[in-house]
Structure formats: C-alpha cells, structure tokens
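A.B. asks: Sequence:
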Amino acid sequence: MAASIKDVAKEAGVSIATVSRVLNDVDVVNEETKKKVREAIKKLDYRPNIVARSLKTQRTRTIGIIVPDISSQFYPEVVRGAEDVSNIYNYNVILCNTDMDHEKEIEYLRVLREKMVDGVIYMSNCLQEDIIKMLKDLSLPTVLVETRGKDYGFPSVTIDNEKAGYDATEFLIKKGNKKIAYIGVNPATENASGLRVNGYKKALEDNGLKYDENLVQFGGLKAADGRDGMEAILSKTKIDAVFCASDEIAMGVINTLRDNNIKVPEDVDVVGFDNIYASSIYYPKLTTVEQPMYDMGSVGMRMLIKIINKSELEDEHIVLDYKIIERDTCKK
1 MAASIKDVAK EAGVSIATVS RVLNDVDVVN EETKKKVREA IKKLDYRPNI
51 VARSLKTQRT RTIGIIVPDI SSQFYPEVVR GAEDVSNIYN YNVILCNTDM
101 DHEKEIEYLR VLREKMVDGV IYMSNCLQED IIKMLKDLSL PTVLVETRGK
151 DYGFPSVTID NEKAGYDATE FLIKKGNKKI AYIGVNPATE NASGLRVNGY
201 KKALEDNGLK YDENLVQFGG LKAADGRDGM EAILSKTKID AVFCASDEIA
251 MGVINTLRDN NIKVPEDVDV VGFDNIYASS IYYPKLTTVE QPMYDMGSVG
301 MRMLIKIINK SELEDEHIVL DYKIIERDTC KK
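Oh and the sequence shown: position 298 is 298 in the UniProt record's numbering, straight run, nothing missing.
For the record, the hints were derived by calculation from the structure and aren't laboratory data. One should not assume that every hint holds.
Derived DMTMM-like pairs: lysine to aspartate or glutamate, alpha-carbon spacing no greater than 20 Å straight-line [as the list claims (entries may be wrong)]:
1. K201 to E162
2. K163 to E205
3. K174 to D267
4. K202 to E170
5. K331 to E162
6. K43 to E11
7. K104 to D137
8. K179 to E39
9. K42 to E32
10. K331 to D240
11. K34 to D69
On a predicted model such as this, the values are computed, not experimentally measured, just so you know.
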C-alpha cells in the first residue's frame with residue numbers, strides 16, 4: 001500500500017500540517033525539520049495525491065507548451081530549455097503540437113484550461129486576433145516565446161528578428177553580392193519570422209541596392225519551401241546570394257542550386273537562420289544566424305513560473321542576443 005501523508009508525519013515525528021508546509025515549500029518550517037520530513041518522504045517513497053492537492057490549492061504544478069511544428073529542429077531545443085527549468089521547480093509539462101492548424105490551436109487551449117494548467121508557454125506560427133482574445137479570456141498566465149509580445153499585452157522572449165535580418169543581408173552585401181534573393185515568411189504574417197524580410201529590405205536600402213520583387217519568394221519555413229522559392233526565382237533572374245528565413249529553407253535552396261549546376265559558395269552565397277543542429281553537419285556546412293533556442297525556452301519558463309508565483313518580472317519583454325555563425329556556404 002502506498003504511503004500516506006500521515007505515515008510521513010509519523011516517520012518524521014511531526015504533525016501532518018508540518019509535512020504539508022514542507023511539501024508546499026512554506027518558509028515557516030526550520031531547516032532541520034524540513035530535512036527530517038524530506039528523509040521520511042524518501043524512505044517511504046511518498047507521492048502526494050496531485051488531484052486532491054490541486055483541488056485544495058487550485059494549482060496543478062503543470063504547464064502547457066504550445067508549439068506550431070514539433071518536426072522542426074528549432075522547437076524541440078526551445079522545449080528542452082523550458083522543460084529543464086520546469087523540472088528544477090518541480091513543474092510538469094504538457095506538450096501540444098498544433099501542426100500549424102488554427103482550429104487545433106484553439107482546441108488545445110481549451111484542453112489546457114480543462115486540465116487546470118498553471119500557465120502556458122506559447123509559440124505560434126501566426127498569433128491571430130481570436131487566439132489573443134481566447135488567451136486573455138482564459139486568464140491563464142502566458143509567456144510568448146519567439147512570438148512578438150509588446151503589441152498583445154503578454155510577456156515575451158525573442159530576438160530582434162528585423163535587426164537580425166538586416167545584419168544577415170548586410171553580411172552578404174559586404175561579401176560583394178548585389179543581387180541578393182530572400183526566401184521566407186510573408187511579413188503580413190503576425191510572427192517573428194515575418195519580420196526578417198523587413199531587415200532585408202532596410203539593409204538593401206541603406207547600401208544603395210534596389211528591392212526587387214523578382215528576388216523575393218514567400219512561403220513556409222521548410223526545405224520544400226526553399227526548393228519551390230529558389231526554382232521560382234531562378235526561372236526569372238540570376239542571383240549572387242540568398243538570405244533564407246530558416247536553415248531548413250537554406251538546405252532546400254542549396255539542393256535546388258546544385259540541381260541547376262550552380263555551386264555554393266563559388267557561384268552563390270547562402271545564409272540560413274536559427275543554427276539548428278543539422279546546419280553544422282550539412283554539406284556544405286551552413287552559414288547562419290544563430291538564435292539562442294535553449295535560452296529562449298529556459299528564460300521563458302523562468303518568467304512564467306515567476307508570474308504563476310506572483311513574483312515581479314524585472315523585464316516583461318526580453319530580447320536575447322543572436323550572432324552570425326560563418327561556415328562554408330559563403331565565400332571567405
């Protein structure tokens with residue numbers, strides 16, 4: 001038979017109330033007593049009744065994480081950072097993969113509310129108005145990771161995607177490139193990836209280069225989107241370089257260039273975005289803008305746990321650093 005809280009109290013020589021205070025991390029218990037209770041818990045292999053405890057405290061110590069595409073190499077690393085922090089603070093995680101399906105996203109939010117999660121880490125392909133309204137109506141503590149936050153009233157963790165797009169494009173310009181293509185997400189899409197083309201445009205303008213719609217293709221963030229975008233651009237014009245809104249796009253681009261007997265980097269320079277693991281082992285190794293994926297998840301989770309525990313945030317909108325990792329897809 002499983003040990004009860006009464007058994008723990010008897011083993012430690014304290015009251016049931018004291019055991020409860022230790023379990024709930026209430027500061028009034030002295031360290032020596034806490035040690036006795038924890039030793040008793042370990043000896044008896046005591047596991048609190050989570051359902052009963054949540055009914056009493058209105059807390060489940062469970063956090064929902066919503067991601068748009070778990071098959072992407074970007075999101076698992078973010079989730080790993082978030083989960084590592086949740087484990088430190090004894091929170092469990094429910095992972096929800098929406099497959100970029102708007103209706104699925106809405107349904108998952110309802111499910112998380114029914115599961116009485118304490119909060120939500122939210123990553124989205126497109127943060128639409130009805131989703132924003134639903135998040136606010138559910139009154140769940142929410143932190144946006146990768147997605148912009150200031151416009152929506154939610155705390156957020158991201159990088160400066162527009163500036164990163166600017167720096168990546170200027171990096172290619174400084175290599176002597178003038179006909180620089182862009183393949184990525186439409187800026188009309190309300191997500192972080194859509195901001196990168198704004199930086200691309202600004203870098204061209206600041207360096208005296210004209211924005212050419214024939215050099216730009218919008219779609220998703222997968223290798224197939226890189227292939228389709230590159231084929232469309234090559235059918236209209238020649239290029240010197242390509243800035244891609246994701247590493248997966250960049251890999252699709254390089255494969256298509258190879259298929260057209262165009263060498264990388266001898267004929268065309270290519271820069272990706274994210275610095276997923278595959279970018280360092282792909283051939284040629286990919287020059288890319290590194291996002292601090294693990295840190296985005298871990299910082300976001302720390303922020304959320306602070307909100308859940310009603311602690312004040314030092315900054316509600318954290319912008320992390322990025323950097324360009326130069327490898328073999330650009331001329332030296």
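A.B. asks: Next step is simple, just say for each hint if it's right about the structure.
C.D. replies: Here is what the structure says about each hint:
no.: 1; hint: K201 to E162; result: holds, 10 Å
no.: 2; hint: K163 to E205; result: holds, 14 Å
no.: 3; hint: K174 to D267; result: holds, 16 Å
no.: 4; hint: K202 to E170; result: holds, 9 Å
no.: 5; hint: K331 to E162; result: violated, 24 Å
no.: 6; hint: K43 to E11; result: holds, 9 Å
no.: 7; hint: K104 to D137; result: holds, 18 Å
no.: 8; hint: K179 to E39; result: violated, 68 Å
no.: 9; hint: K42 to E32; result: holds, 16 Å
no.: 10; hint: K331 to D240; result: holds, 11 Å
no.: 11; hint: K34 to D69; result: violated, 43 Å
Of the numbered hints given earlier, the model fails hints 5, 8 and 11; all others are met.
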